[in-house]
Every structure is written in C-alpha cells, then in structure tokens.
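S.K.: One-letter residues, chain by chain:
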Amino acid sequence: MHPALSVIFFTVTAGAGYGVLFLLGLARLTRLTPEASPDQVTAMALVGLLLVTVGLLSSTLHLANPRNAWRSFTRFKTSWLSREAVFAVLFYPVCLIWLLFEWFTGNTVATNVSGVLTSMLAIVVLVCTAMIYASLKTIRQWHTALTPFNFVLLGLLLGALILNLMLAQQGLTSDALEVVSLVLLLLAGMVKIIYFYWIGQPAGPTINTALGFTRATVRLLDVGHSSDTFHTKEFGYQVERIRLIWLRAISVGLAFVIPLLIVTGLFGPVNLPTMLLAVGSAYAGVLVERWLFFAEARHVVNLYHGAQRT
Amino acid sequence: MKLGLVIDLDTCVGCHACAVACKQWNTSGTTGPLTDYDPYGREPSGVWFNRIRNFEVDEYPNSKTINTPMSCMHCDDAACVTVCPTGASYKREEDGIVLVDQSKCMGCNLCAWACPYGARELDEDQGVMKKCTLCVDRIYDENLPKDERQPVCVLTCPTHARFFGDFDDPDSQVSSLVRERGGYAMMPELGYKPVNKYLPPRQRPASPMMEKREGGEKESLIGKWMKRQKDAFNSLGKGTH
Numbered sequence: 001m002h003p004a005l006s007v008i009f010f011t012v013t014a015g016a017g018y019g020v021l022f023l024l025g026l027a028r029l030t031r032l033t034p035e036a037s038p039d040q041v042t043a044m045a046l047v048g049l050l051l052v053t054v055g056l057l058s059s060t061l062h063l064a065n066p067r068n069a070w071r072s073f074t075r076f077k078t079s080w081l082s083r084e085a086v087f088a089v090l091f092y093p094v095c096l097i098w099l100l101f102e103w104f105t106g107n108t109v110a111t112n113v114s115g116v117l118t119s120m121l122a123i124v125v126l127v128c129t130a131m132i133y134a135s136l137k138t139i140r141q142w143h144t145a146l147t148p149f150n151f152v153l154l155g156l157l158l159g160a161l162i163l164n165l166m167l168a169q170q171g172l173t174s175d176a177l178e179v180v181s182l183v184l185l186l187l188a189g190m191v192k193i194i195y196f197y198w199i200g201q202p203a204g205p206t207i208n209t210a211l212g213f214t215r216a217t218v219r220l221l222d223v224g225h226s227s228d229t230f231h232t233k234e235f236g237y238q239v240e241r242i243r244l245i246w247l248r249a250i251s252v253g254l255a256f257v258i259p260l261l262i263v264t265g266l267f268g269p270v271n272l273p274t275m276l277l278a279v280g281s282a283y284a285g286v287l288v289e290r291w292l293f294f295a296e297a298r299h300v301v302n303l304y305h306g307a308q309r310t
Numbered sequence: 001m002k003l004g005l006v007i008d009l010d011t012c013v014g015c016h017a018c019a020v021a022c023k024q025w026n027t028s029g030t031t032g033p034l035t036d037y038d039p040y041g042r043e044p045s046g047v048w049f050n051r052i053r054n055f056e057v058d059e060y061p062n063s064k065t066i067n068t069p070m071s072c073m074h075c076d077d078a079a080c081v082t083v084c085p086t087g088a089s090y091k092r093e094e095d096g097i098v099l100v101d102q103s104k105c106m107g108c109n110l111c112a113w114a115c116p117y118g119a120r121e122l123d124e125d126q127g128v129m130k131k132c133t134l135c136v137d138r139i140y141d142e143n144l145p146k147d148e149r150q151p152v153c154v155l156t157c158p159t160h161a162r163f164f165g166d167f168d169d170p171d172s173q174v175s176s177l178v179r180e181r182g183g184y185a186m187m188p189e190l191g192y193k194p195v196n197k198y199l200p201p202r203q204r205p206a207s208p209m210m211e212k213r214e215g216g217e218k219e220s221l222i223g224k225w226m227k228r229q230k231d232a233f234n235s236l237g238k239g240t241h
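Heads up: the sequence lines are chains A and B, in that order.
Heads up, the first sequence is in the numbering used here, so the first residue is 1 and it goes up one at a time.
Heads up, the second sequence is in the numbering used here, so the first residue is 1 and it goes up one at a time.
One chain only, chain A, in its complex shape (with noise of 0.2 Å):
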C-alpha cells in the first residue's frame, strides 16, 4: 500500500494525544500523578487534546474531496471510519466537561467519573482507528486482531511517555508511570514482533484463486495498461526486502529499545533531558512502524497485476 504521510502522522499523532488523555483521565483514580494540580493536570490534558486536533486536521489532508466529509457522521452502523469520525467528535465535549471538573473541582468523583468516560472514549477510538484497517479482507496484513491491538498498545506508549516527559518538565515524578511505561514498552514490542512474524507466514488468496485456475500455474503475460493507474500507485508500492529489514530493526530499536534503556535508568537518572530523547526517539519510532503497517501491506488486486501471492 502506498503510505500516505498525512494518514502516518496522524494516526501516530492522534494515538499519542489519546494515549495521554487516557492515562490522565484515570491519574487520579489510580494514582498515577498523586502530586499533580488540577491546574497541571489540565494543562498536560490540553497538550494531549492539541496533539489529537492536529492528528484529525491532518487527516482530513488525505481526502480528495473534503467538502463531503461531514457526511461520514452518517454511516455509523456498517462503517468504521464513521463510528471512528463519530467518536473523534464526541470525544471533545466528554473530554472538555472533564477538564472543567478537573480545573475547578480539583479530585472529586464529578472529575472521576467524567475522567473515566473520557479515558474509555480515547480507548474507543484508537480501536476504531485501527477496525478500518483491520476489517479489510483485501489486505491480510491488516486483517488480524494484532492490528489494534498494535495501535491502542503503541497510542498509549507514546501516551505514557510524553506524560513522563511533562511530569519530568514541572518537576514531579511518578514511579507508578514509569511501571506503567515498562509495561507498555515490553508489550507492544512484543505484540509488534509477535506481528512482523505473523505477516511473514504465507496465507490468504493466490493468483490461482484470483483468477479461478487452481489445477496449474498462472503467470501474468500483460497487464493490460501502459502507466500507471489509480490501482498501481494506491497498491502497488513496495519496498526491497531488505530495505524492509532495516527499517523493522530501526523502527523497533527507535521505539521500544532506546526508550526502554532511558526509562530503566542505563542512561542516567530519568530527568528532562533524558525523557525529551526518548519521546523524541518513540515518537520517530512510531512513525516508522506506521509507515512499514503501510509498506508492507499487500492488497489482493496486486493478484490480477501478476504477484503470485499476497
């Protein structure tokens, strides 16, 4: 699949801004931040609604005909980009009715109460997010329960660690959010190794099946079309295996490696300086992931452009 830059950097941007929203939302219930004011919590909930603003504007980037975009509120039952545009919208005045608790009523169960439904509508999206992905029998990448999976695990990854970093910039600390993001750090790591080895597994629809010739060996003579199409560059991309392999050893190493060795104290005592690196380090990690969950997608009409298998 071609990867859409727009699409990357919004779902690695929107899914760090709800990871955050989610691990605030619940700081007080589980004491995540116990020395956090109602005015530092709000103000590190508008940084993570900031990052969510951005990502969705950016989304809008990859349609060609935005002007339409306000009816994909209407197809909640069947599709999942709208029950994903639906709850993108909902998310603000849940999320905003908390923040007014949060800032004027400081730790109260109004605040706890609103802080959960915020933290289960972020959790709502991220999985919707990664469903419309997921629900395509055409790309088989896609089509796993490793899919969201990946991206609710990576969202509140990047979630925790930009929380760490402004907890570290006002000078707080948080053992409970460093526990957190261990956690997190092994087991998306582990969930997007355990996914680099499933999609590596030969499965799904052949040319022979494409073409209904199962009793011999088919193989493309022409294409039938002299440049490029919309189905060419739409899913046609690929890159060299071993660029591929490169780029899986880098991604993983950006986002879970350095940032595991930061958070453990290799490096030093966890402070400012440290955390900013691994954000940064994640953050570009992620990015990298999100463009290989692209790249390495192989959608079926590839089938009927000659490849032997998806």
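Source of the hints: derived by calculation from the structure; they are not laboratory data.
Heads up, a few of these hints could be off.
Said to hold, decoys possible - When the alpha-carbon atoms are kept at most 27 Å apart in a straight line, the in silico DSSO-like pairs for lysine-lysine are as follows:
id	chain 1	residue 1	chain 2	residue 2
1	B	218	B	230
2	A	233	B	104
3	B	91	B	193
4	A	77	B	2
5	B	104	B	2
6	B	2	A	137
7	B	104	B	193
8	B	193	A	77
9	B	2	B	146
10	B	227	B	238
11	A	137	A	233
12	B	104	A	77
13	A	77	A	137
14	B	91	B	104
15	B	2	B	91
16	A	137	B	91
17	B	91	B	146
18	A	77	B	91
19	B	224	B	238
20	B	104	A	137
21	B	193	B	2
22	B	193	A	137
To be verified - Label-pair restraints from in silico Cβ distances:
id	chain 1	residue 1	chain 2	residue 2	range
23	A	93	B	142	50 to 58 Å
24	B	169	A	306	34 to 42 Å
25	B	28	A	43	57 to 65 Å
26	B	39	A	50	44 to 52 Å
27	B	180	A	219	26 to 34 Å
A virtual CB, placed ideally from N, CA and C, is assigned to each residue, including glycine.
Starting from the known structure of chain A, arrange chain B on it as the hints suggest.
M.R.: Leaving out everything else, chain B in the frame of chain A:
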C-alpha cells in the same frame, strides 16, 4: 432481480473492445467523465471501469492464454458499500447494482481498499470514486430499441463473450450458461459473493504438433520454392554468387 454479467473466458480474445466501448459510453454518461490524465503525453493514464489482463495458465506445451476482462462484480455482500462512511456507495435493492452517489463521496479511497477486484478508481480531478454502473443509464432507457437495453460492453463484444441478465431468474441466459458451463466467481474465498461469473475454457483435445519428417515425403512446389528462397537468404553476404 440480481443483474450482472457472465464472461466467457473460452471465447474472449482480449481485444479491449469492451473497455473502449465502456469508456466511450460512460464518459458522457451519468457518472462521467472518465477523466484522462496526460492523454496525449508520454504516460497517458485515466479512469476505466473495465480492464483486461492476459494470463498464461499451465506450462508449455500445455499452456493456454486466458484473457480476463474485469469490472465491478456487483457483489451480493459488497464490502465497498459497508465500509463507506458517507453513504455515497450503495447497492440498489431492486436490481443489485452497486453505485456511487458522487455528490456524497468524500474521496477517502476506503471502498477501493475494500474491493478485491480493483473495480473502483478515484477520479483525481473530481476527487470522487467512480465505478462500473452496469450501464444503468442504458438498460432502463425506453428510448432505446429493446435489444440494445444492455451494457455497452456486452453489445460491443465481437466474439460474444459477454452476457448480461438476471441471476435471480433460473431460466435467464446468464443463469443457464453458469449452470451448463460451470460458471464460477473470482476470489470467492473473501466471501463477498460476486454476482458476475466467468465461464472456464471448454475442454478440447490438444492440437497436434507439427513435426519435421526425415526425407521420404515428396516436397510440394511451394515448399521447394520456399526452401530456395531461404537458402538464398542465408547465403546473402557470404560472397558465394
């Protein structure tokens, strides 16, 4: 009613006439234009509803060339319709034709991602998705003579490899062709229940292979003449006059 096409892979010669006729009719039809990019330039490209590819099945000397015209299969369980967030993609209750309401499409490409058959193409100029309409603006047009109320690809096919009809009617031509010739769907394992069916090549004895015989046979006059021409050609430039 369940309208669709049957395509005979036995008789299709891969001439692209259906694709050209489709382009000609539909570019000025209800979903037109079928925009071209750089039509007179080095890399002409554009929107087509029907594309023909040529494949070779099995290995020489048992191989056979198969020409596969592919357009929208008007699937019974059309994923392109369910993934559409705006409601622009829809399947008509009355005849099962899958269409795009271009005034609602936001050009997100998700339906093209969901379609395994490459039936949908984005018009980059207009920013909306376009696809085969099964010539919905022909087949119900009462101003046309009755036998012309068919998709233009079917009408134009010079080898009569394309058939149009109602798959819900067991006595229709398409239904009986599928029944009698073992018509099948492409990539059925994805479960979208494509309506269009393909007829496999008929079984025929393999054509006898010509073999060179050693002497014996009398050579025909034309054979002798051709041999002389060949020898003369081969000796050209070798200095033996």
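S.K.: Taking the hints in turn, state whether each one holds.
M.R.: Do the hints match the structure? See the list:
Among the hinted pairs, residue 218 of chain B with residue 230 of chain B is consistent with the structure: their alpha-carbon atoms are about 18 Å apart, no more than 27 Å. Only pairs whose Cα atoms come within 27 Å are accepted, and residue 233 of chain A paired with residue 104 of chain B is accepted, the gap being roughly 24 Å. Our distance criterion of 27 Å between C-alpha atoms is met by residue 91 of chain B and residue 193 of chain B, whose separation comes to about 13 Å. For a cut-off of 27 Å, the pair hint linking residue 77 of chain A to residue 2 of chain B stands: about 25 Å separates their Cα positions.
Distance hint between residue 104 of chain B and residue 2 of chain B is fulfilled; the C-alpha atoms sit about 25 Å from each other, no more than 27 Å. Among the hinted pairs, residue 2 of chain B with residue 137 of chain A is consistent with the structure: their alpha-carbon atoms are about 24 Å apart, no more than 27 Å. Pair hint residue 104 of chain B plus residue 193 of chain B holds up; C-alpha atoms about 26 Å apart against a cutoff of 27 Å. About 21 Å separates the Cα atoms of residue 193 of chain B and residue 77 of chain A, which keeps this hinted pair within 27 Å; it holds.
Distance check on the hinted pair: residue 2 of chain B and residue 146 of chain B sit about 19 Å apart at the alpha-carbon level, within 27 Å; holds. Taking the CA atoms of residue 227 of chain B and residue 238 of chain B, the gap is about 18 Å. The hint holds against a cut of 27 Å. Distance restraint check for residue 137 of chain A and residue 233 of chain A: the Cα-Cα separation of roughly 20 Å lies within the 27 Å cut-off, and the hinted pair is therefore satisfied. Annotation: proposed proximity of residue 104 of chain B to residue 77 of chain A holds, straight-line Cα distance about 17 Å (limit 27 Å).
This hinted pair checks out: residue 77 of chain A and residue 137 of chain A have alpha carbons roughly 19 Å apart, not beyond 27 Å. Taking the CA atoms of residue 91 of chain B and residue 104 of chain B, the gap is near 15 Å; set against the 27 Å cutoff, the hint holds. For the hint linking residue 2 of chain B to residue 91 of chain B, the alpha-carbon distance of about 11 Å falls within 27 Å, and the restraint holds. As the CA atoms of residue 137 of chain A and residue 91 of chain B are separated by approximately 19 Å, the hinted pair is consistent with the 27 Å bound.
For the suggested pair residue 91 of chain B and residue 146 of chain B, the alpha carbons sit about 25 Å apart, so the restraint of at most 27 Å is met. Simply put, residue 77 of chain A and residue 91 of chain B have alpha-carbon atoms about 16 Å apart, close enough for the 27 Å limit, and the pair holds. Proximity of residue 224 of chain B to residue 238 of chain B is assessed by CA-CA distance (about 22 Å); at most 27 Å being required, the pair is judged to hold. A hinted pair counts as satisfied when its Cα atoms are at most 27 Å apart, and residue 104 of chain B with residue 137 of chain A qualifies at roughly 25 Å.
The hinted pair formed by residue 193 of chain B and residue 2 of chain B meets the criterion: a straight-line CA distance of about 12 Å does not exceed 27 Å. For the hint linking residue 193 of chain B to residue 137 of chain A, the alpha-carbon distance of about 13 Å falls within 27 Å, and the restraint holds. For residue 93 of chain A and residue 142 of chain B, the Cβ-Cβ distance of about 53 Å falls inside the hinted range of 50 to 58 Å, so the restraint holds. The hinted range of 34 to 42 Å is satisfied by residue 169 of chain B and residue 306 of chain A, whose Cβ atoms lie roughly 37 Å apart.
The given range of 57 to 65 Å is respected by residue 28 of chain B and residue 43 of chain A, whose C-beta atoms sit roughly 59 Å from each other. The beta-carbon spacing between residue 39 of chain B and residue 50 of chain A, approximately 45 Å, falls within the hinted interval of 44 to 52 Å. Judged by the Cβ atoms, the range 26 to 34 Å given for residue 180 of chain B and residue 219 of chain A holds: they are separated by roughly 29 Å.
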